[in-house]
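Peer 1: In order, the protein sequences belong to chains Y and U. For our numbering, add 165 to where a residue sits in the first sequence, where the first one is 1. For our numbering, add 168 to where a residue sits in the second sequence, where the first one is 1.
The hints are simulated quantities; they were obtained by calculation from the structure and are not laboratory data. Errors might be hidden in some of the hints.
[Claimed, not checked] Straight-line Cα separation of at most 20 Å, SDA-like style, residue types lysine to any residue; simulated pairs:
id, chain 1, residue 1, chain 2, residue 2
1, U, K201, Y, S328
2, U, K246, Y, N274
3, U, K223, U, F171
4, Y, K181, U, T192
5, Y, K187, U, N193
6, Y, K343, U, F179
7, Y, K196, Y, N274
8, Y, K343, U, Y245
9, U, K246, Y, K196
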Amino acid sequence: MSNPFESSEFIADPSKLSLFIKDIAVKAEKKQVVKFYSQRFLKRKIKKISLSMQAQNYIPIYSYILNFKKHKLTNKAWENIETLVLKLEEVFEKISLNNISLSYWLNFNKNKPSEILTKDEQRINFLINFHKRRISAQDLKKTIGTFALNPFELSNPRLKEYSQSQIKILAQNAVDLKIPAKPTLREYINKHGKDRFSIYSAMREELKWLAMEITADLRINFLKIAKILIRRKIIEKQSDIFKFSFDEIKKFNK
Amino acid sequence: MKFIFEELISFGKKNCHGEYRILTNPSQILNFKVKNKFFLLTPFLFPDYVLLFPKIEAILTVEGSILSHLAILCREYKIPVLKIKNVLREIPEEGVLTIDYKNKLIKLTNEK
Chain Y
166 MSNPFESSEF
176 IADPSKLSLF
186 IKDIAVKAEK
196 KQVVKFYSQR
206 FLKRKIKKIS
216 LSMQAQNYIP
226 IYSYILNFKK
236 HKLTNKAWEN
246 IETLVLKLEE
256 VFEKISLNNI
266 SLSYWLNFNK
276 NKPSEILTKD
286 EQRINFLINF
296 HKRRISAQDL
306 KKTIGTFALN
316 PFELSNPRLK
326 EYSQSQIKIL
336 AQNAVDLKIP
346 AKPTLREYIN
356 KHGKDRFSIY
366 SAMREELKWL
376 AMEITADLRI
386 NFLKIAKILI
396 RRKIIEKQSD
406 IFKFSFDEIK
416 KFNK
Chain U
169 MKFIFEELIS
179 FGKKNCHGEY
189 RILTNPSQIL
199 NFKVKNKFFL
209 LTPFLFPDYV
219 LLFPKIEAIL
229 TVEGSILSHL
239 AILCREYKIP
249 VLKIKNVLRE
259 IPEEGVLTID
269 YKNKLIKLTN
279 EK
């Protein structure tokens, strides 16, 4: 089986700086593909068994999501970035592992819809509630403020940075979506829901949400570094930071 | 202009016809206002397009697989997803298309 995820394409028009996030995702994906898929017959058989065993047990990834702790940002931007990158690598490894199991269950479940409310659907529910004036823009920013369009592109602003009119456009486009009533991942698992495809599909979104939050924190810290570089007269404006590679930025740390 | 497609997810087999738009980057959604349903042409199945679902008739993508998160959601909301060759740079950003399911063909025209 070939790799069906194509993580190399997951950032649209990546800036030079964001390329390192793409590299993290691709590296994590390759690692899992090597682990579970092989061209050689005997090895392929053994790996198939280990894939099946891996796919049966969703608990390790689910526990990881439940116990995930966000890194508390300090005033030291360089150190924050180092820790956040490690966290991001960890989350992308889980996403790749989760994807492997998801592809396994797809073979048994080609046309059944997911039984779990995904993070995307929850986010749209918030936008609909904002559009219907059940929640304010401030509430929206508190709940899904780290969301961004093309979220792994560091130069893209997060929803908490959007203007009121931009949020309105987002909400207007989504408002007519009829989201079916479904349990959240936690509710589904607590009720002993059995559909593994739904579970792995929902867990992927939860993990991507964690990666999105880490990316939002990375953005904050890169913008802090940009201010330092402006003071040192290395760049003129904050957005110039996205024109450097991650390695180039590391060299400015002195 | 005509080109063939491969179905990733499909729900109707009836030929359909309507306006299309090309979106190459999900950030474009922030400036995107449409009244009627449209066919979305995109290089990749970016998950952010879920925000446009109420307006999307079908998605025509150059890259992506049945396991892409957007494809999974499309299946749930009964939005067809078709895989096409990369013609996005050769065609206007807006126009009208017809999907001929029987012959697996997409035909682009300028008339509405």
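Peer 1: Tell me, which hint numbers fail for this structure?
Peer 2: Hints 3, 7, 9 are the ones this structure does not satisfy, whereas the remaining hints hold.
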